[in-house]
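Participant: What follows is each chain in one-letter form.
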Amino acid sequence: MENNKWIDDRLGALNPDQEWMPDIHRALARLRERRNNRTTRARVWTWSAATATAGLCLLAFPAPRAAAEYCLNCSVVLWQDLASSKVVHTSLIPENARKPASDFILNDASGRPVQLSAFKGKVVLLNFWATWCGGCKVEIPWFIDFQQAYAGRGFQVLGASFDDDGWKLVKPYIAAKRINYPVVIGDSHLAALYGGVQALPVSYIIDKSGRIAATHLGVVSKSDYQAEIEKLLTE
Amino acid sequence: MNALREAAAGQIATPAKAENGDFDLEALFRAQYERIAAVIARVVRDPARAEELAVEVFLKLSRNPKAQGGSAPGQSIEAWLYRAAVRIGLDELRRQTRRLHYESLLEFVRGAATPTPNPEELHAASEERERVRRVLSGIARRQAELLVLRSHGLSYEELASALHLNPASVGTLLSRAQQAFRKEYMQRYGK
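Chains A and B supply the protein sequences, listed in that same order. So in the working numbering, spot 185 of the first sequence is number 185, and the numbers just go up one at a time. So in the working numbering, spot 122 of the second sequence is number 1122, and the numbers just go up one at a time.
Don't read these hints as lab results, they were simulated from the structure. Just to be clear, a hint being listed does not mean it is correct.
With the C-beta cut set under 8 Å, the calculated list includes, among others, these residues of chain B facing chain A [unchecked claim]:
1. Glu1026
2. Phe1029
3. Tyr1033
4. Ala1037
5. Ala1038
6. Val1043
7. Pro1047
8. Glu1051
9. Val1055
10. Ser1062
11. Leu1147
12. Ser1151
13. Gln1178
14. Phe1181
15. Arg1182
16. Tyr1185
Far from chain A, by Cβ distances over 10 Å, these chain B residues were calculated [said to hold, decoys possible]:
17. Asp1024
18. Gln1068
19. Ser1076
20. Asp1091
21. Gln1096
22. Arg1099
23. Arg1142
24. Ser1155
25. Ala1160
26. His1164
27. Asn1166
28. Pro1167
29. Ala1168
30. Thr1172
31. Leu1173
32. Gln1187
Distance windows between CB atoms, simulated [as the list claims (entries may be wrong)]:
33. A/Asp8 <-> B/Asp1046: 21 to 27 Å
34. A/Ser48 <-> B/Ala1168: 49 to 55 Å
35. B/Pro1065 <-> A/Ser48: 21 to 27 Å
36. A/Cys57 <-> B/Asp1046: 47 to 53 Å
37. B/Leu1059 <-> A/Trp132: 44 to 50 Å
Note that the Cβ used here is the ideal one computed from N, Cα and C, for glycine as well.
Bound-form chain A, shown alone (with noise of 0.2 Å):
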């Protein structure tokens, strides 16, 4: 009993003062400050874990990959569509102001030499593109239908890949895609003759004496390339 009390003497001391009182207002608003920022911390952290899983899981496995990408190619043409004014389009040069294109010489997939001159007498669309450029991907099968509509007219299609990797990449694309129209791989000689390819796609609709009619920077809606070829088929 001694020893309890001794105890409860000494712990005695522990006793807050008499004048301390905790203050309830200032310590709930410091709870519910901390909470906010927890909770504001806690939605910054989830939205990143949620963006980096659906990226992993973009990077990691092919179908979602593949619909992804379907997805940003519908979204690039309907933003382009509803945000024609933001693409540079230009619709036919008048013939009396068209310039020559400049003639090149490269060799298709099958190592061919394709020379630009030897379709004079044609309307041809060239097109500089790349693999990993989304907007191409959007254009190609555009093309392709071009190609296989129009070639009994005088039209003809002629691609230049921009890809680093060269064949390596381009050859496997062409067949997968089922590309109808000869495709070389553009080096700095051709971007130089054609002022620089800053961006893809670029595509230059070329009149049948061989002038520039029309320059397309970005994806353009394919009503506008169908409307052009055929005027200058008819030329």
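Based on the hints, put chain B in the right spot on chain A.
Facilitator: Okay, now just chain B, sitting in the frame of chain A:
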């Protein structure tokens, strides 16, 4: 202080659930904050720091869904709060004691004179309080938890619930804790 003891020992209903059934932290905070802050203030030297740590206890509770229903069957949120409070308080006390120890060593190495005691240290009651805190930081944590909560007025049943003890063994454990406290006190300060 009596009011605090009565509150600690009393059976005040704690509104842990809002009307829609969700856990109502703020209602619980209003009902329990002062008691939790008082437990921490027993062992932490700075009352303002004790108030900060009391807020931390409630934040921990808000992040712990298991504890919001009592961490074990039949255990109340109050018991969880008391356990968390005494632990956070003792952890802070040990940190402070270590820091003071290293600071005094540093002063010794620098060859400085013995630090002049401040007015509070000169006060006998404060000196005794400081001694008790140093002893508490020197004995086993479970024993210190028992002594602090007991000195705060918790019954044997409440101690058993808060510290996850068998109610039948609380008396024995408390007695051992008291002996350990006395032994440590005598070793440090004599009679």
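Participant: Checking against the hints above, which ones are violated?
Facilitator: Violated hints: none; all satisfied.
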